[in-house]
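Number of protein chains: 2
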Amino acid sequence: MDLWDLYVIITTQWGRGRETLELVRQALQGGATVIQLREKDWPGRRLVEVGQKIRELTWEAGALFIVNDRIDVALAVEADGAHVGQEDIPPSLARKILGKHKILGVSAGTVEEASEAWRDGADYLGVGSIFPTLTKKDAGEPIGLEGLRAIRRAVPLPLVAIGGIKQENVEEVIRAGADGVAVISAVLAAEDVKEAASRLLATVRRVKSELRGNRDGF
Amino acid sequence: MDLWDLYVIITTQWGRGRETLELVRQALQGGATVIQLREKDWPGRRLVEVGQKIRELTWEAGALFIVNDRIDVALAVEADGAHVGQEDIPPSLARKILGKHKILGVSAGTVEEASEAWRDGADYLGVGSIFPTLTKKDAGEPIGLEGLRAIRRAVPLPLVAIGGIKQENVEEVIRAGADGVAVISAVLAAEDVKEAASRLLATVRRVKSELRGNRDGF
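First to last, the protein sequences are chains A and B.
Each number in the working numbering comes from the position in the first sequence (counting from 1) with 15 added on.
Each number in the working numbering comes from the position in the second sequence (counting from 1) with 15 added on.
One should not assume that every hint holds.
No copy is singled out in the list; a pair is fine if it fits within one copy or between any two copies.
With a Cα cut of at most 27 angstroms, we get these calculated DSS-like pairs of lysine-lysine [to be verified]:
# : residue 1 : residue 2
1 : Lys55     : Lys111
2 : Lys68     : Lys55
3 : Lys117    : Lys151
4 : Lys181    : Lys151
Hints in this document: simulated from the structure, not taken from any laboratory.
Quick caveat: nothing in here was measured; it's all calculated off a predicted structure.
Please model the complete structure; the sequences and the hints are all you need to start from.
Spelled out as structure tokens, the structure:
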């Protein structure tokens with residue numbers, strides 16, 4: 016399952032003054048498989064206007080497009096789905112509004128949250144924070160690789176690890192059972208966005224390929 | 016058309032420390048015909064949780080329930096509809112997401128905005144700001160009664176006048192062509208919320224009845 020390999024969350028303020036669509040373009044050129052739009056302070060109209068352009072870019076690149084929190088915006092721009100956190104619309108209601116053909120992602124930091132999200136119709140989980148992070152102030156205590164492994168054992172959904180992930184630790188995150196990694200600053204704040212994305216993706220793919228090799232050897 | 020007579024917008028911070036649901040209850044006891052939930056800073060989950068309770072209270076009272084901006088929340092709590100401003104999801108997309116059986120309200124301050132909203136599928140318009148107001152910082156220059164009359168002549172939709180409306184000026188607003196009035200502080204900041212609502216409603220109904228009498232006399 017390579018769909019979730021590199022999940023880049025676009026929060027423009029982390030992009031060193033570069034424009035939203037420029038960040039998206041470079042992340043896609045670097046191979047991002049998923050783009051999530053997460054702009055907590057933007058009014059609905061701006062989310063829709065920029066979202067429609069991201070929709071075009073992700074279609075062209077063959078990447079998924081997920082909107083954070085605002086299910087109405089996700090529907091309005093024909094995104095592939097929406098992602099909800101523990102403070103957002105509850106997953107069971109989110110699923111109802113989204114319809115069954117859209118992707119629903121849910122944030123989970125514990126086995127309980129993960130199991131509940133699975134039961135409530137999540138298609139994938141954002142699992143974290145794995146490590147300490149600056150980009151989400153309310154992220155709580157990091158759950159570490161052990162927390163990720165526990166969720167990996169508990170639910171059969173694709174897991175996208177999030178929180179403090181960067182080139183130096185992405186290998187251990189994938190080895191702990193993540194299907195992919197979600198990043199903000201590791202890509203958006205890089206001098207070369209495309210290259211940062213490309214390096215992360217290459218590592219994810221190399222490690223997954225090694226893990227598959229091991230598994231096939233059984 | 017008495018559905019829009021008294022449209023009370025719930026923004027809890029204007030309620031002098033009283034709880035959201037207490038404000039809703041008292042407004043309904045005072046005869047509010049519409050309750051709108053407008054809490055710009057609340058996360059989705061809180062909007063849904065409180066919204067579900069407002070849904071119960073408005074059903075019991077026979078009042079409409081409209082959610083500001085968040086069409087996903089409106090759908091999640093089975094509100095009667097959603098209201099979008101000029102900074103929110105554009106009306107044509109809002110209509111698409113809401114479906115044709117829900118009420119779509121749109122803010123309009125000019126004849127152009129009003130005509131466009133009508134064309135895009137609005138069921139009613141929030142027209143204003145009529146007078147200067149403290150509760151909406153980005154409301155722009157008041158359009159006055161003359162602005163309201165111009166929109167009244169231009170579109171056949173129900174018009175809910177908003178912005179600086181209180182007991183002292185509600186009569187002239189109705190005489191200028193509004194089908195009802197939307198208030199925040201005139202009701203929420205009153206010592207007795209129920210009584211403030213009740214007095215406003217009585218004036219709206221008296222003036223509408225007088226206007227109807229005049230019309231019937233032609």
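Hints that the structure is at odds with (numbers, increasing) | No numbers; nothing is violated.
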